[in-house]
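Protein chains: 4
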Amino acid sequence: MLRFLSAGESHGPKISIILEGLPAGIPLHEQDINDQLARRQKGYGRGGRMKIEKDRAVITAGVRSGETTGSPLAVEITNIDERKQQKNGADFTKNEHKITCPRPGHGDLAGSLKYERKDITDISERASARETAARVACGAVILKMLSGLEVNVLGQVLSIGGIEAKKTINSFDEAKKVLESSPLRCADLEAAEKMMAAIDQAKEEGDTLGGVFSIEVFNLPPGLGSFVHWDRRLDGLLAQAVMSIPGVKGVEFGLGFSLSEKRGRQGHDAIYFDREQGFYRKTNYAGGVEAGMSNGEKLLMKAAFKPIPTLQKPLDSVKWDSREPACASVVRSDVCAVPSAAVIAESMSAFVIGQAFLDTFSRDSYPGLIKDVRQYRKQSRQGFDRE
Amino acid sequence: MLRFLSAGESHGPKISIILEGLPAGIPLHEQDINDQLARRQKGYGRGGRMKIEKDRAVITAGVRSGETTGSPLAVEITNIDERKQQKNGADFTKNEHKITCPRPGHGDLAGSLKYERKDITDISERASARETAARVACGAVILKMLSGLEVNVLGQVLSIGGIEAKKTINSFDEAKKVLESSPLRCADLEAAEKMMAAIDQAKEEGDTLGGVFSIEVFNLPPGLGSFVHWDRRLDGLLAQAVMSIPGVKGVEFGLGFSLSEKRGRQGHDAIYFDREQGFYRKTNYAGGVEAGMSNGEKLLMKAAFKPIPTLQKPLDSVKWDSREPACASVVRSDVCAVPSAAVIAESMSAFVIGQAFLDTFSRDSYPGLIKDVRQYRKQSRQGFDRE
Amino acid sequence: MLRFLSAGESHGPKISIILEGLPAGIPLHEQDINDQLARRQKGYGRGGRMKIEKDRAVITAGVRSGETTGSPLAVEITNIDERKQQKNGADFTKNEHKITCPRPGHGDLAGSLKYERKDITDISERASARETAARVACGAVILKMLSGLEVNVLGQVLSIGGIEAKKTINSFDEAKKVLESSPLRCADLEAAEKMMAAIDQAKEEGDTLGGVFSIEVFNLPPGLGSFVHWDRRLDGLLAQAVMSIPGVKGVEFGLGFSLSEKRGRQGHDAIYFDREQGFYRKTNYAGGVEAGMSNGEKLLMKAAFKPIPTLQKPLDSVKWDSREPACASVVRSDVCAVPSAAVIAESMSAFVIGQAFLDTFSRDSYPGLIKDVRQYRKQSRQGFDRE
Amino acid sequence: MLRFLSAGESHGPKISIILEGLPAGIPLHEQDINDQLARRQKGYGRGGRMKIEKDRAVITAGVRSGETTGSPLAVEITNIDERKQQKNGADFTKNEHKITCPRPGHGDLAGSLKYERKDITDISERASARETAARVACGAVILKMLSGLEVNVLGQVLSIGGIEAKKTINSFDEAKKVLESSPLRCADLEAAEKMMAAIDQAKEEGDTLGGVFSIEVFNLPPGLGSFVHWDRRLDGLLAQAVMSIPGVKGVEFGLGFSLSEKRGRQGHDAIYFDREQGFYRKTNYAGGVEAGMSNGEKLLMKAAFKPIPTLQKPLDSVKWDSREPACASVVRSDVCAVPSAAVIAESMSAFVIGQAFLDTFSRDSYPGLIKDVRQYRKQSRQGFDRE
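Protein chains in written order, with the numbering used here: chain H, 3 to 389; chain B, 3 to 389; chain R, 3 to 389; chain F, 3 to 389.
Okay, chain H solo, but in the shape it has when bound (with noise of 0.2 Å):
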């Protein structure tokens, strides 16, 4: 079992990470993870505030000489000081000034209800997107090992404030190659002109926009999760894992919506074989899950994420202590992180699909892992015959 826990506030100290549960042997350096968390700081709409800071990770424990112990991870990433001087050199614990106007399309009403507390930002400080560098960091250590297993994710962004891509890359080296350098993670370049433009825009009139991305797994082998019990099928607990992002409200795998409005016959992928490639598909309207199990081609998700809810021309909201209607309190923030979210999604996808792995192949030591997945590869892909 792979698990991990985090901790830290948006403008507390540090964000901390323990990930348990790693195969020993896995070669991991601190880099490995900054490249990820420079990732996920990217993208043209990101605010001022990204410009500032510049996310580091330490490994505190579970790695020596370069490699995992099979001993619990530790990672934490400090957060600089401009980060926490936007507090207005506010101790961070201090309780001097209370938020108490809820912003619409966050956590601060109901957290607030739920935990019973009066000062909002004890809700806001952990329901803040900061939480999810946390997601990153351990993301980057579990890519980090299927990459031995020769498992690639790729997350994509296929449209920004309702304007489309009109081209996606298919193949993982080339799509890094573009992606990488794209401002937006975006693989059709004039849509992402206009995408940047709309970005302007909304940044202008004090609004925002969100958008949707994909996430692709190349070179899953077959029979990743399992149709047996419906907590462990692959799809829904890939949903899950992409859904938790903040800012996510909708999941789909390959064709999703628009496969319900498909006949059967259209709406599935024959199985052909040929002695090289093994059992294939032509098409892969499935995305890559039949029957909660990965079916050994690409897995493809597709996610909605929604415009981000802190605006500088706040909404109305009523205020915490005197229920007198008020305007949501403004807090810098961005215009548009859609290709944040991608990166995102492409680590808690990599968790769902590392701890799959895990579930499946032995798992005390990383050279272990790779001799099984490699053996396993083989036979399904010519078959599987008992005598």
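Where hints are given, some of them may not hold.
A pair holds if it fits inside one copy or across any two, identical chains being indistinguishable in the list.
[Stated by the list, open to error] Computed cross-link-like contacts, DSS-like style, restricted to lysine-lysine with a CA-CA straight-line distance of at most 27 Å:
#, residue 1, residue 2
1, K284, K205
2, K179, K169
3, K44, K380
4, K264, K315
5, K315, K196
6, K44, K264
7, K16, K56
8, K169, K264
9, K196, K264
10, K168, K264
11, K284, K56
12, K321, K300
13, K373, K205
14, K100, K380
15, K178, K284
16, K315, K284
17, K205, K264
18, K169, K120
Hints listed in this document are in silico derivations from the structure and should not be mistaken for laboratory results.
Note that this is a predicted model, so its numbers are computed, not measured.
Assemble the complex: chain H is given as a structure, and chains B, R and F must be docked to it using the hints.
The following block gives chains B, R and F in isolation, referenced to the frame of chain H:
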């Protein structure tokens, strides 16, 4: 913690369910379960199979004198003879006639590779939608528990084969009346006529249809779920539970995918207050979930259901043993099961919601739970004041 | 993850078990389970009740043609009529005759307070040791799985009523022969005679006896369990599983409590190596567990079992409704159940050990698991060399 | 659900703890944790190492203005320089000097085989008892929570090296006073003198001592834990938690092993009632647990702690690489750590007890939890009446 396991194959002797973690004192009779099982079996487009069987639940443990005792609840649903005879009278456990040609859209191929089974029957018997009867039995119990907490769950068909309902019903009581008598669980009777015609046509052509349905949960208090760790988010948990239903390929909350096209100022639900209702919203774009918590508004999900993959005119496939091309096995099946899927999704949602209640409030005694929830509702309606 | 749930009351219609997470391909027949159920019911000192009933398991799911399929396994044990009639022919679910006087040593009092039940029967029917039949059914399946991994588990009675066996048997095969034909599962036949006399005397006096038994697990490879987090320690998991058996009040490994009196130099097992056996020890003070892991030596636990609290001459108690002093209810029961407890503990230990194997090695296919374990044994016998 | 993870190696930069699932509103300061960390480090027989370091906790998340917020709590304990220098000033992460000779009684051998590590340091750094500092930090928080629920936990040394205390103290307040000023956390000052002499002598001889301690939990309400499924039994969960402490080899409740020698009529606690105390017992043979639930009496466990396996005169071992006989590595260590083990066991018990409270009562807000528990105590003292 509320947990359940189920067992049972499609043509085996019975489906068994054990549900553990219920409070003591919930009024419960077998009829409560049978009513839900019947709802699952109804719906225009279900095959002849559905006409010959009628599921009956027997409670064998966990209830005395019409109340749960706190001990694990056991329910079994015996597969009637007609069902078993469909398997040609063969002893279910005998291995005489191996199925070797995997059906696209099912778990046949990946499942056989994963579990190393030569006879696909070992996979298809459990991967069958028959397993969802167990989920509905389990959900029936939780729905009963929720009804005493004044929470209701409603599944409604929104489209079939691309034909959309133009009208939905938003009151639980009214919807209940209309939907239960509708052959497709659809509030737009005109659209329903067209849907039935489409089902008839698909049937003639040996084809199948999918669709979209909604799940609404009425009267949830705010604060179920939590933002503190990703795996406690209510939307993530619901997404997993609904995506885990065989055939579901997409899940969204509130405006979902179309929310991704909105501006921030048009995409969030402003907060208001009056003495009678307490905090309230005039819109529900979020579908009743903010920051992974119920926010006190009606919970609204939509799910996409793919066309049934068991086809009377089967797709291309490959023989498991010879690797020769062949047509996928033909099994008697339904043309459209979207209304059933909506009922199953009610149950899965109820399970997650019920778990969220028991994760939040006193849980050993049902009268105690009811009292706790009432008090919390009162407190959270008017806002919480510590001083 | 291997998990099971059970349901069923002592005088209800049946005991149900669902076991999920088994690899596919384990040879399994109902007789495997019945053999273990019979072992649980044997033993000098069991009441007349045991003579009239004989548990028979029926597998209703998860097995085809004598092999597990990977799908959840369902087992049921019907309570025979004689058992049900002991309840005076009353319909089990009817509430006619309330039991209101809690028995000391049982869950009657605390359970009624916890679940707010007025009729103690709601508690006592599930808190009954009848529930352990489910554990043994489940354990039987895991024992079968372990036997293919060349691992054996043995329970042995060490003392009854303070009378100690002077002799134990240390080879599994020999012990099996002797213990299975012993009426008390005790290797010291002379001591067993005295124990039986003590049981006879206690019976005459309306009293009961407890005792101590051991659990040995033969041929465990090193490295099951882990030191990295407390909840992964094999000794902790085994202690929980055995302590969870009704009546068990103490658990120890190896020398256990008497190890606390030893000096360090006399209290640990020095390490040796030869080409044939690989690493080995000459002593086993640790009972086969170091740092929460199996260390390759025989696992040895001991457990203390209290005298049965159901007494023919009952202890003082208080009436639940009137708060008046009264004698605890008298129910037909056994005088001594230590041999049965040893069988139940075999099953609970097997469950933990089985889970540890599946948490460590490939798990979908039993032939694959066997191969993995063999290879790991070979490697760990000679020491691991990465270069 | 209350859960925690910890990370950190014995000579690494720090120990990190994340504790998730706490109610909001528990008063908490770093000093609460530091007090417990200091208690863990005290005790006659701890090596020179303990003199040079003094653990200090820093809370980096989850607390604002002296109260928990409901968000995950992060605590870190930096390893001071002196500790790190013991490792010869070597960079902890460098692999220059491999340890290849496994120490008997430690996880060195099994751990290296399991995780396939050539340098035993990769194992011993995490398998070290240093990890228990994290457990105590975590326990300190739960102890604080429990104190507001009027529940207290007390560890007490009963024997060291076979020398038994003839006297224990049964009132929490009195015990606290005496034990906190005792160098061995032992209530029998005369016996303590002999224990210290024995420790001195063992030290001279390069040897070590173990012992026995008790854990008492005062003022538990009845009904924590449950009999309905084995993994919910409070005694099983406590046994796991205490057995998981490095060095613990036995755990018993109440009379424990000696209860196995008693007759039934002498081995159970008769039930009485008076208006003031409600239900009560005159004896406590059961140690406060019946049928896997607290029964309202004082919870009493005892645990056996083996002599420390790190010896100045090491035992026989075998070199990992050459398979040649060699003496086990010598590391600076303590002679006796029984008092520390008692403190760690308080923490682990508190964790289980705290979890049981949060599994039973309202959990989001601490004031709400306190109110619930008070009301339940009142109700269960006088007996529950539904009519």
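Structure-based check of all given hints:
1. K284 to K205: Classified as between: cross-chain Cα gap 26 Å, same-chain 43 Å, threshold 27 Å.
2. K179 to K169: within (15 Å within a copy, 47 Å between copies)
3. K44 to K380: neither (39 Å within a copy, 45 Å between copies)
4. K264 to K315: between (42 Å within a copy, 15 Å between copies)
5. K315 to K196: within (23 Å within a copy, 46 Å between copies)
6. K44 to K264: Close across copies (22 Å), not inside one copy (38 Å); limit 27 Å.
7. K16 to K56: both (13 Å within a copy, 23 Å between copies)
8. K169 to K264: both (23 Å within a copy, 22 Å between copies)
9. K196 to K264: Classified as between; 16 Å across copies, 32 Å inside a copy.
10. K168 to K264: both (22 Å within a copy, 19 Å between copies)
11. K284 to K56: neither (44 Å within a copy, 40 Å between copies)
12. K321 to K300: Between copies only: 23 Å across, 49 Å inside.
13. K373 to K205: neither (51 Å within a copy, 48 Å between copies)
14. K100 to K380: Between copies, since 24 Å is at most 27 Å while 61 Å is not.
15. K178 to K284: within (24 Å within a copy, 44 Å between copies)
16. K315 to K284: Close across copies (19 Å), not inside one copy (49 Å); limit 27 Å.
17. K205 to K264: This pair counts as between: shortest inter-copy Cα distance 14 Å, intra-copy 39 Å.
18. K169 to K120: neither (49 Å within a copy, 42 Å between copies)
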